[in-house]
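The hints should help you fit chains H and Y with the ligands onto chain X, whose structure is shown.
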Amino acid sequence: MQAELISKDGTQEYFVNMGPQHPSTHGVLRLVLTLDGEIIQRVEPHIGYVHRSIEKMAEFDTYKQIIHLTDRMDYLSAHMNNEAVALLVENALQIEVSDRVKVIRTIMSELTRLASHQLWWGVMGMDMGAITTFLYAFRDREMINDIMEETTGARLTMNYNTPGGVMFDLHPSFQKQVKEFIKIFKTKLPEYDELLSGNIIFTERTKGIGKLSLADAISFGVTGPSGRASGFACDVRKTNPYSAYDRVNFNEILLVEGDAYARYKARIFEMWESISIIDQLIDNIPEGAIMAPMKAIVKLPKGEFYQRVETARGELGVFVVSDGNKTPYRVKFRSPGFSNLSVLDHISRGHKIADLVAIMSTLDLVIPDIDR
Amino acid sequence: MNAIYDFSILTGGIHEWLSGLMSPTAVMITEMVIIGTLLIVFVALMGLVLVLAERKVAAFFQLRLGPNRVGPWGSLQTLADFLKLLTKELITTKSADKFLYNLAPFIVMLTPFLALGVIPFAPGLQIMDMNIGVFFITAVSSMGVLGILIGGWASNNKYSLIGGMRSAAMVVSYELSVTLAIMTMVIMTESLSLSEIVASQSDGWWIIKGHIPALIAFLLYLTASTAETNRGPFDLAEAESELTAGFHTEYGGIKFAFFFLSEFVNMLVVASIATILFFGGWMPFHLPFEWAVGFNHIMDFIPGIVWGFGKVTFVIFLMMWFRWTFPRLRIDQILNLEWKYLLPMNLVNFLLMALIALSGFYL
Amino acid sequence: MSTIIAYFKGIGQGLNTLWTGMKVTGYYFFHARKEIITMQYPDNRDTLKIPERFRGRVVMLHDQNNEHACNGCTMCEMACPNGSIKIITDKILNPETGKVVRIIDKHIYHFSMCTLCNLCVQACPSNALAMDNSYENSVYDRSELTFVLNQPGSKIRDNVKD
Ligand code: SF4
Ligand code: SF4
Numbered sequence: 001m002q003a004e005l006i007s008k009d010g011t012q013e014y015f016v017n018m019g020p021q022h023p024s025t026h027g028v029l030r031l032v033l034t035l036d037g038e039i040i041q042r043v044e045p046h047i048g049y050v051h052r053s054i055e056k057m058a059e060f061d062t063y064k065q066i067i068h069l070t071d072r073m074d075y076l077s078a079h080m081n082n083e084a085v086a087l088l089v090e091n092a093l094q095i096e097v098s099d100r101v102k103v104i105r106t107i108m109s110e111l112t113r114l115a116s117h118q119l120w121w122g123v124m125g126m127d128m129g130a131i132t133t134f135l136y137a138f139r140d141r142e143m144i145n146d147i148m149e150e151t152t153g154a155r156l157t158m159n160y161n162t163p164g165g166v167m168f169d170l171h172p173s174f175q176k177q178v179k180e181f182i183k184i185f186k187t188k189l190p191e192y193d194e195l196l197s198g199n200i201i202f203t204e205r206t207k208g209i210g211k212l213s214l215a216d217a218i219s220f221g222v223t224g225p226s227g228r229a230s231g232f233a234c235d236v237r238k239t240n241p242y243s244a245y246d247r248v249n250f251n252e253i254l255l256v257e258g259d260a261y262a263r264y265k266a267r268i269f270e271m272w273e274s275i276s277i278i279d280q281l282i283d284n285i286p287e288g289a290i291m292a293p294m295k296a297i298v299k300l301p302k303g304e305f306y307q308r309v310e311t312a313r314g315e316l317g318v319f320v321v322s323d324g325n326k327t328p329y330r331v332k333f334r335s336p337g338f339s340n341l342s343v344l345d346h347i348s349r350g351h352k353i354a355d356l357v358a359i360m361s362t363l364d365l366v367i368p369d370i371d372r
Numbered sequence: 373m374n375a376i377y378d379f380s381i382l383t384g385g386i387h388e389w390l391s392g393l394m395s396p397t398a399v400m401i402t403e404m405v406i407i408g409t410l411l412i413v414f415v416a417l418m419g420l421v422l423v424l425a426e427r428k429v430a431a432f433f434q435l436r437l438g439p440n441r442v443g444p445w446g447s448l449q450t451l452a453d454f455l456k457l458l459t460k461e462l463i464t465t466k467s468a469d470k471f472l473y474n475l476a477p478f479i480v481m482l483t484p485f486l487a488l489g490v491i492p493f494a495p496g497l498q499i500m501d502m503n504i505g506v507f508f509i510t511a512v513s514s515m516g517v518l519g520i521l522i523g524g525w526a527s528n529n530k531y532s533l534i535g536g537m538r539s540a541a542m543v544v545s546y547e548l549s550v551t552l553a554i555m556t557m558v559i560m561t562e563s564l565s566l567s568e569i570v571a572s573q574s575d576g577w578w579i580i581k582g583h584i585p586a587l588i589a590f591l592l593y594l595t596a597s598t599a600e601t602n603r604g605p606f607d608l609a610e611a612e613s614e615l616t617a618g619f620h621t622e623y624g625g626i627k628f629a630f631f632f633l634s635e636f637v638n639m640l641v642v643a644s645i646a647t648i649l650f651f652g653g654w655m656p657f658h659l660p661f662e663w664a665v666g667f668n669h670i671m672d673f674i675p676g677i678v679w680g681f682g683k684v685t686f687v688i689f690l691m692m693w694f695r696w697t698f699p700r701l702r703i704d705q706i707l708n709l710e711w712k713y714l715l716p717m718n719l720v721n722f723l724l725m726a727l728i729a730l731s732g733f734y735l
Numbered sequence: 736m737s738t739i740i741a742y743f744k745g746i747g748q749g750l751n752t753l754w755t756g757m758k759v760t761g762y763y764f765f766h767a768r769k770e771i772i773t774m775q776y777p778d779n780r781d782t783l784k785i786p787e788r789f790r791g792r793v794v795m796l797h798d799q800n801n802e803h804a805c806n807g808c809t810m811c812e813m814a815c816p817n818g819s820i821k822i823i824t825d826k827i828l829n830p831e832t833g834k835v836v837r838i839i840d841k842h843i844y845h846f847s848m849c850t851l852c853n854l855c856v857q858a859c860p861s862n863a864l865a866m867d868n869s870y871e872n873s874v875y876d877r878s879e880l881t882f883v884l885n886q887p888g889s890k891i892r893d894n895v896k897d
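Chains as they are written, first to last, in the numbering used here: chain X, 1 to 372; chain H, 373 to 735; chain Y, 736 to 897.
Just chain X, with the same shape it has in the complex (with noise of 0.2 Å):
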């Protein structure tokens, strides 16, 4: 072993251990890297630091029950999380929710969509080094946090989906307060550009680093804007539309050199996508019930069932085999975060360690939703 480790010139490998407690790792994720030099020869992700066996508990929990475990799978992403498994049941169950329950789900998402990308970005910058932006992004996030809060009463795991629509109503303010923040949003996202996207140091940082083909992401699985950067089609939000998706204009992402760069600009660009969405949806909300009636014990048919949904981080799967009862019998979650995480060895041989750090930033990863 130890004579394989030495090279021709005499010179051996270097293994560091990045994590499980790391300022770029974002969480407890453990890369062992093999080094030479600077350059990096092998990436291997040790996970399952937070692992929390959430799969397993779903099988204890009624329907209603595991909506609030999946809010501590990506946590940016709680609302999502969350609407994948109430919709999983109420295509199981053929319950049609109102048009204001689906309107409500998909400006939330959005809404939710755009807190995630924005705390991406700041953490993007902290990770290349400014750290300026990650305070920047937090004033932005906080206006959406006090709208979740108001309407939901939470600021983060929201739980605010249930299977056959919402638990609350808006609040009064909601349709005031979001529009106050599309406003005030508008201006400060060209700030965004200006600070990073522009910057040298920043493109010249990121651009051809981490390139990822698109027969690469597609038989990796890189879901979410990651894929898209590389021009893989994958947004469910167009493929199989849900909610209110089918009612609005919005484009598909698609950018094509799928290096750092792309990735970084395709989170941007779906930051001005989620604005519209919420632009379009925002004045005309329709009236209707926010539940529909349900019975008080959710059992699915035997079966299984799938769902899927577009989340900040690429497409959750929710797979479930009921055998009639009130718990499920099995529940699978595949997490955009796993599949995302998986290209990380294959896109950074051969970079250095400051590459790793910017491409594992643009990979967008969310270490709990790795785990579950």
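Check each hint, because a few of them may be wrong.
List time: in silico BS3-like cross-link candidates among lysine-lysine, alpha-carbon distance up to 25 Å [what the hints assert, rightly or not]: (1) X:Lys179 with Y:Lys769; (2) X:Lys186 with Y:Lys744; (3) Y:Lys758 with X:Lys188; (4) Y:Lys758 with X:Lys186; (5) X:Lys56 with Y:Lys821; (6) X:Lys332 with X:Lys238; (7) X:Lys176 with Y:Lys769; (8) X:Lys265 with X:Lys188; (9) X:Lys207 with Y:Lys769; (10) Y:Lys784 with X:Lys179; (11) Y:Lys758 with X:Lys265; (12) X:Lys176 with Y:Lys784; (13) Y:Lys744 with H:Lys712; (14) X:Lys295 with Y:Lys821; (15) X:Lys188 with Y:Lys769; (16) Y:Lys744 with X:Lys183; (17) X:Lys183 with Y:Lys758; (18) X:Lys207 with H:Lys466; (19) Y:Lys821 with X:Lys207; (20) Y:Lys821 with X:Lys326; (21) X:Lys183 with Y:Lys784.
Which residues of chain Y face chain H? A partial, calculated answer using Cβ under 10 Å [claimed, not checked]: (22) Tyr742; (23) Thr760; (24) Ile771; (25) Ile772; (26) Gln775; (27) Tyr870.
Simulated from the structure, these hints should not be mistaken for lab results. The beta carbon of each residue, even a glycine, is placed where N, CA and C say it ideally should be.
Quick look at chains H and Y with the ligands alone, frame taken from chain X:
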């Protein structure tokens, strides 16, 4: 020059008073001790003030208030932190090279001390007026990297080693640009003594008198010296998002404080040199025109020490502005920047300056 | 020649992008008084606005007669995904009707296990539970996080049906 603010009256008085009391040797020793103590106090104070300033400035850039709990306006925060660091246990990691590990912080701290020795902050406020002051500073300031390299190696930590290596690669190359930028100005000043350089600007600062080459030299110097002090966007040696804390990962307590403080005192040194070379040190702002006599006279009434530190503060603020705006560069980009941009530009600039000096085109 | 022009153009453009970024941060630095967003948390308790829907902790609503609406049906206990609620009921004889009725003895709520999911509040058929807006809930001992939600001496409101 206005003599009322000259510190040499004060220092000369003390010298004469001491000479009346004891033998010349004893006077020398006493003076050395006094000066040494004052320097340590000065460095410690400046360190505290600069750390606080950095935190406040960073906070304002980042829409925060910054430290505001200890003392009015948070002014005692850094003192409290310093006391905390003092009282912490000194840890030497088990597999570290004990001697070198403990030596590194002192080397790092020594450099700014030596450099501060020749810098004139105000008329007469200079510890030693060497006739090769500029040369001395450039020689001494390259010692700091030795401490970083030793610290990075002796910690026996992989992150530290990478940090130390990066720092070595970087400082060695940026040293060239710093020196060349300084040399460009030395062509104008025609002296290596810092006090003479200041004196040569009594009728106008070099950044104004020296035309565009002086401006370019200033920008080059600012960039290269930011890199030399290991500050963002060139803080590769620390790079907290890549290497946790880089070369000082394994240091704690007061040893860490040494590394930390040295960055700030180095910044002070670098800013002082920039002030002396480009902004006339403690010289008031003078316009080199006939009609501006009255204006120049008013400027003379502001004490030299205010001018000196005011300009230093300005340069330090510029460096903080860089740090809190820009992302960090990558190691190969940093070296590219030096060898492909800064160095050639410096050389051309050097030539330009020489031409200007030869033609006597400056004011 | 063109490469030289490109070289200097690159430098110029690079510096320009850097200056663009510096303008943004510079603006905020010089307008810090207006733009600062942080709150001075423990000092601003009085002015802090907590939305009324904020989920701080589960409480049982009592009116001025110290009466609540809980009849001990254990729906909340069943709805809770974390087992944070335990209902202890008692049976008493109603002197008027002569029937044995179930009343609540203790509605035990383990705040330490609660994820504030609001399911119990929704499940309660008589709307006896609610979320309050408290936000400073840290204590020194875990046992202090176990609450009995029905206040001592309280009884069920008359009009609540079984
Ligand atoms: S809020 Fe949720 S977790 Fe807390 S007691 Fe109620 S049902 Fe249980
Ligand atoms: S609080 Fe409500 S749900 Fe819980 S036992 Fe009482 S009445 Fe039933």
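Here is what the structure says about each hint:
Of the pairs offered as hints, the one joining X:Lys179 and Y:Lys769 holds, with about 22 Å between alpha carbons and a cut-off of 25 Å not exceeded. Of the supplied pair hints, the one linking X:Lys186 and Y:Lys744 is violated, its CA atoms being roughly 31 Å apart against a limit of 25 Å. Distance hint between Y:Lys758 and X:Lys188 is fulfilled; the C-alpha atoms sit about 14 Å from each other, no more than 25 Å. For the given pair, Y:Lys758 sits about 18 Å from X:Lys186 by alpha-carbon distance, which is consistent with the 25 Å threshold.
A threshold of 25 Å between alpha carbons decides the hint, and for X:Lys56 with Y:Lys821 the separation of about 24 Å falls inside it, so the pair holds. As the CA atoms of X:Lys332 and X:Lys238 are separated by approximately 23 Å, the hinted pair is consistent with the 25 Å bound. Between X:Lys176 and Y:Lys769, the direct Cα distance comes to roughly 23 Å. Compliance with the 25 Å bound is thereby established for this hinted pair. For the proposed pair X:Lys265 and X:Lys188, the alpha carbon gap of about 16 Å is at most 25 Å, so the pair holds.
The suggested pairing of X:Lys207 with Y:Lys769 is violated, with an alpha-carbon distance near 36 Å, which exceeds 25 Å. Restraint check for Y:Lys784 and X:Lys179: satisfied, since their Cα atoms lie roughly 20 Å apart, inside the 25 Å limit. A distance of roughly 22 Å separates the Cα atoms of Y:Lys758 and X:Lys265; the hinted pair therefore holds under the 25 Å criterion. With a C-alpha separation of about 18 Å, the suggested pair X:Lys176 and Y:Lys784 falls inside the 25 Å cut-off, and the hint holds.
Restraint check for Y:Lys744 and H:Lys712: the C-alpha separation of about 14 Å stays at or below 25 Å, so the hint holds. Between X:Lys295 and Y:Lys821 the CA atoms are separated by roughly 24 Å; this keeps the pair inside 25 Å, and the hint holds. For the suggested pair X:Lys188 and Y:Lys769, the alpha carbons sit about 16 Å apart, so the restraint of at most 25 Å is met. With a CA separation close to 36 Å, the supplied pair Y:Lys744 and X:Lys183 exceeds the 25 Å bound.
Only pairs whose Cα atoms come within 25 Å are accepted, and X:Lys183 paired with Y:Lys758 is accepted, the gap being roughly 22 Å. In summary, the hint linking X:Lys207 to H:Lys466 is not supported, as the alpha carbons are separated by about 42 Å, beyond the 25 Å threshold. About 57 Å separates the Cα atoms of Y:Lys821 and X:Lys207, which puts this hinted pair outside 25 Å; it is violated. Distance check on the hinted pair: Y:Lys821 and X:Lys326 sit about 21 Å apart at the alpha-carbon level, within 25 Å; holds.
For the proposed pair X:Lys183 and Y:Lys784, the alpha carbon gap of about 23 Å is at most 25 Å, so the pair holds. The criterion of a C-beta within 10 Å of any C-beta in chain H is met by Y:Tyr742, whose closest approach is roughly 9 Å, and the hint holds. Evaluation of the Y:Thr760 hint against chain H yields a held restraint, the C-beta minimum of about 5 Å falling below 10 Å. Interface hint at Y:Ile771: satisfied, since its Cβ lies 5 Å from the closest Cβ of chain H, which is below the 10 Å cut-off.
Contact between Y:Ile772 and chain H, as hinted, is supported at the beta carbon level, the nearest pair being about 5 Å apart and thus within 10 Å. At about 7 Å, the closest approach between the beta carbon of Y:Gln775 and any beta carbon in chain H falls short of 10 Å, and the interface hint on this residue holds. At its closest, the beta carbon of Y:Tyr870 sits 21 Å from a beta carbon of chain H; the interface hint therefore is violated under the 10 Å criterion.
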